[in-house]
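**Q** Chain by chain, the residues:
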Amino acid sequence: MSTIVDTARDAGDARRDTVMRDDPPRRGSAGLWRLALALAALSLTAAILLTSVSVWFLGAVALAGAGSAAIGFDFHTPGALVRLFALTRTAAKYGERLSGHAAALTDQVALRLTIFEAMAAAPSTTSAGWQLSREERLADWLDDVEDRDDERLRVVFPAATLSLGLVLLAIATAVVAAAAAPAILLLAAAGLLLMRHSMRRIGAAETAARAARRKGSAGLGAALQALVPLAAEGLRRSETAAALDHFRNVQSLQRDQAEALAAIDVAAGLFGPLAVTAVMLAAWQAGARGDALLPAAFVGFGWLALGEAAGVVSKIVLGRVKAVRARAGLAVWTDPDERRAAVSPVLAGRVTAVSLVGLGLQAPGGRAFCRRLDATFLVGRPTALVGVSGSGKTTLLKTIAGWLAPAGGTIHVDGEAANPAARQGLVHLCLHDAAILSDTVRANLFAGGASDAEIAAALAFVELGERVAAGGGLDAWVTQDRLSLGEAQRLNLARAFLTTAPVILLDEPMEHLDPAQAVRILARLRRHAEDRVLVYSAHRPPLAGDAVLSL
Amino acid sequence: MKASSDRSGAALSLARNAAARDRRVITLLEGLRTLGRLGFAAGLALTVGRMIEAGTLEAGALFAALASMGLGAAAGWLSGRRTARAEAFVADVILSKAEAALAEMPVRDLGARPRGRLVAALQRQPQDLARLVVSHACARQTMSVGPLLAAAAVAAVSWEAACVLLLATPLMIVFFALVGGAIQERADAREASLGRLAAQFADRVRALPTILANHALASEASKLEERIGAYARGTMSVLSIAFLNSGILDFFSSLSIAVLAVFLGLGHLGLLDIPGFDHLALWQSLYILVVAAEYFAPFRRYAELYHAKSQGAAAAAALDEILFAPAARRVAGPLAPVDPERLAASLPKTGLVAITGPSGAGKTTLLRRLAGVDGAAPAGLGAAARPSWIATDSYMPAGSLADALAWKVGGAGRSNTAVAVSAVAEQLGLLDDALLPGGMDAAIAPGGENLSGGQRVRLAVARMLLANGPAFCDEPTAKLDAGNAARVRRALAAAALTRLVVVATHDEALVALAVRRIDLGAPHSLKEPAAA
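Listed in order, the protein sequences are those of chains A and B. Each number in our numbering comes from the position in the first sequence (counting from 1) with 4 added on. Each number in our numbering comes from the position in the second sequence (counting from 1) with 1409 added on.
Hints were generated in silico from the structure; no laboratory data involved. Note that the Cβ used here is the ideal one computed from N, Cα and C, for glycine as well. Take these hints with a grain of salt, some might be off.
[Stated by the list, open to error] Covered stretches of chain B (in silico footprint by chain A; criterion: 3 or more residues with CB under 8 angstroms from a CB of chain A, positions within the stretch not fixed):
1) 1463–1475
2) 1503–1510
3) 1517–1524
4) 1775–1786
Work out the full structure, taking the sequences as your base and the hints as a guide.
**A** So, in structure tokens, the structure goes:
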């Protein structure tokens, strides 16, 4: 566990160094956090004083009423104080909630952008199949982001204010009932030890639950994907059940956690009552009677009020446990050694030839393909990459695009060796599993400089003009699940029509399209991009007249 | 989503029924816990009051207070444990129901449901639902019992003070009602707003490679900043109303203590002649003060669980929608082009049978019917030993290549010993595959994610050789290079010597090895099987 914490801390520091160096929203939240912390402390103090002063006041008036001092007793001041504390407690609590959440939300925006940019710069984004495009992985990951978002509000603040109350009351106890102070501190120490112990247990359960949840998701996802083979082989029931058993395991681990948290709740609930008893007995033992007991009652009932506020410690424990693991999970994306330069903006201009010179390929997993490739892709002469599944078509396209490192050899652009960053700027890569953003049609085309007429022409090229018009035009909102696979693919191809990049690489452009339509669209794209270098991969037979590179 | 939750609410009623018994026990324990706390309050007030006022230490009262606290704590502990167990039980009931649905729903119906959402839902939503029907429901029940117990406890000392508390409640409820509309609105808005915030963020994370491929990182990042910033501001404005909810509770609980303290104080001084507030002993007024705080505690505990409600309701709706609801329309499979029962009866016990025909003729449909994927397997097929299914989507367990090959195979007369396993791996060229380095220890990712379609087919064929049931192969050679296609054809022909091997294929070289050819001809036209 310590390694996890360390990794998280290191990565956290690295992130601050590299990504958060200019982070205005985060600075903007600092004032709010300070305000929230001050209000939280004020609210807790007022809550303690409300109880303490009320009890002291009742004790004082009861003693005064019994004697002759009743007439002269100044009840206005304590009465006003009590009302003041009541209102302060309420108002400060409200203010704390508001400023705390405002600060947390400000941070949330900054933190999410930081994570987004870090992920964009992480190598796994461009290498393998994008795992976070899968809903269940994304859900896990978003949980991590939220656990991190909430940490201050749920963990740091309550812990800080409770500690403050503890210290103040401990000092007060040492003054009014010295004998009780060691007992109470012992009690608090025992509570902290219990908390530490439970945190370890709850943390271990959390680690195991995360692993089991991931296994279950992977298993269930694989089983659902292979539903037909499993059904044919009579293994469907046993495989889905095995995946769900992982989820059952998660549930039983969560039950263990909840039981441990319930024990913490009970222990926290005992603290206030025991402390008030200790203070009163210590003062009594020290010989205090009558009036002299009032300060002890004041402090003792303060402990009782603090004990009520200590009901949140179980939430602190759980929040901390989750945040530690969430940070470790998120640190993967911000490992400074693994960073690479962000993809540079597209460069317009002309390219007449892209050549592979003794190029070796290696798949994202690190395995190398045997062959070395020598080939030249010329402007105006589209090239089809053909080869069986797994022969490296996608790997080659991503290598040319500068997304993957080659296993030796070089790539020349117009006769000169070009490094990956330079190639990234020249290439439009049309991914076979490209996503549709939840946004307008226009935003989905990524064509900031294009006119409506150009966009309409591009949509007509991919035979989506009518569909888009019927769906509400360019500024209508689209989502991935509202489009068929074929429509999504055609929208993706429209991006290739609109790009200004001099090199266009298409990975399986004919996938999900009916063959005749695929040929029509590809032929149009070929004409449209005759001044560019065009390379596409295909399972189906390539268009007549195109150069062919067989892998 | 709305329609399905209105219609059935299957998940919610299932969860409620599963929780019913535990809920009664938990509410009872919570009641005991409240009694314990009240008992402690009484004992503490008596002890402290007598100490100050009479100068006597009432040891009996102190012991009673501590004992009562202990009992309350024990009840609280038991209630917490019981809650944890009840929630785990309810979540398990939901999972079992899901398990049954996953095992029994027609393959076509299940396959048409959104896979990612289904997995994400089963991962966490049973627990969300369990929290709604256990924790949240119990907090609500306790809210109706706890304050009454506290009021009754106050009434034992001063029924007038109890009346003050009870009178404060309608006032509080009026305030709640006033803010209530806004609260409901903000709860919905907050849910929607945070959902949208998360949705925009999640959507851009999902689409990150596409954004990079289109050189749109900078523009998308600034758009994202603007959008989640706007949602955060929107959320904040609704939260400011939202927190009035807790604010009202804080206000009433704080002010009732303040007001009671002042009134009780004036009573002690003899400056006030209100029945129930004057001529009280100190312990009685301390008692009223402490118990008054207890009166509001259940309200606050309930208010803390507000998000459990919305999460639970969302979970119930999602589970109903994606799993428990019947398919929106019957996912009717295409009719098999020939009657599978009749065809099955005419198939030989051993030998290679080829189903051929152009794309769309129904080859896969027929193969699925013969293998019993859609509906029961036709009589006489697949009953004796477990059949094998060979296709690019064949299931791959995670682990090493050796594990994947030996997984759940090795029927009677067959062997999954290491020797046999390496032999079939060798036979299908899996060991000298440059794309799968590591030999028998080569790692297979969950779901075979790191394998190409061709590798999956060869692995499935190798597994089939280790088993001894009939084999159903969907385009087994389509994605293979010439060498591997030949390997697969040889393996299928060898297997066909001892069992039935049915292939749906375009590969004439494979068809040539068949003892019988079923040509389905043009799409959608029904033809009688023709013997080859």
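**Q** Can you take a look at whether the segment 1503–1510 of chain B is actually covered by chain A? Rule is 3+ residues, C-beta closer than 8 angstroms.
**A** Check passed, 3 qualifying residues.
**Q** With a Cβ-Cβ cutoff of 8 angstroms, does the segment 1517–1524 of chain B contain at least three residues near chain A?
**A** holds (count 4)
**Q** Taking 8 angstroms as the C-beta cutoff, is the stated coverage of the segment 1775–1786 of chain B by chain A satisfied by three or more residues?
**A** holds (count 4)
**Q** Just to make sure I understand the rule, a stretch counts as covered if three or more of its residues have a C-beta closer than 8 angstroms to a C-beta of the chain. Does the segment 1463–1475 of chain B meet that for chain A?
**A** Contact hint for the segment 1463–1475 of chain B vs chain A: holds, 5 residues under 8 angstroms.
Against the hints set out earlier in the document, no violation occurs for any number.
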